[in-house]
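Sequences and hints are given; from them, build the entire structure.
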Amino acid sequence: DSGVTQTPKHLITATGQRVTLRCSPRSGDLSVYWYQQSLDQGLQFLIQYYNGEERAKGNILERFSAQQFPDLHSELNLSSLELGDSALYFCASSVGASGSRYNEQFFGPGTRLTVL
Amino acid sequence: AQSVTQLDSQVPVFEEAPVELRCNYSSSVSVYLFWYVQYPNQGLQLLLKYLSGSTLVKGINGFEAEFNKSQTSFHLRKPSVHISDTAEYFCAVSDLAFGNQGGKLIFGQGTELSVKP
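Protein chains in written order, with this note's numbering: chain A, 1 to 116; chain B, 1 to 117.
These aren't lab readings, by the way, just hints derived from the structure by calculation. A hint or two may mislead.
Unchecked claim - One side of the interface only, derived from the structure: several residues of chain A facing chain B at Cβ under 7 angstroms:
| no. | residue |
| --- | --- |
| 1 | G42 |
| 2 | L43 |
| 3 | F45 |
| 4 | A56 |
| 5 | Y102 |
| 6 | F107 |
| 7 | G108 |
| 8 | P109 |
| 9 | G110 |
Only a predicted model underlies this, so the values are computations on that prediction, with no experimental measurement involved. The beta-carbon is built from N, C-alpha and C at its ideal position, and this holds for glycine as well.
Following this line, the structure appears as structure tokens:
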């Protein structure tokens, strides 16, 4: 158990819908990262937040957005869902934003999204 | 831009045999390198990491990897595998070494290790 929790574990929805994935980081961690794992694209970095502020952005679609709340949990919002959005979405957390110092990322168990 | 290539998508091996999972990366500057393992229906777990110093790094569960800068490789090895090592293994590089962007991980496509009795 990494200490990172993600809910829900599974999500099945239809095309065009909107969903919210939730992540609670390890106690004391200020950084949250979101990754998408799909058969087509593999594991890709989406976005990172540090202490409520967006820190880095990857190949995140405009239909997707995220935020980190004052209690440090984070939510990833996916809208106008397409079949190709079906994937495993991972959240990871680390102590700091890194900068020039390494901070290990601890991964949650993921949320499996199926778009029908 | 950095990229990671895992040269084998699937590696079948018999129990107690040695195994090597190959990883090459591309980068024009120094990088941090990682191997993660993903067991079925679970998240990613860090096996080992190279940040600096000795090029031979040891990780959990008897795995080790060697950083080779001239060949831009970071191959993962285990001298004797167990059934329980069956999982998917991911090589990753971090842009942390550039001192920016917060340390996002760039992953290879993964290697499925299947250990047979």
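Which numbered hints are broken by the structure, listed smallest first? Nothing - there is no hint that the structure violates, so all of them hold.
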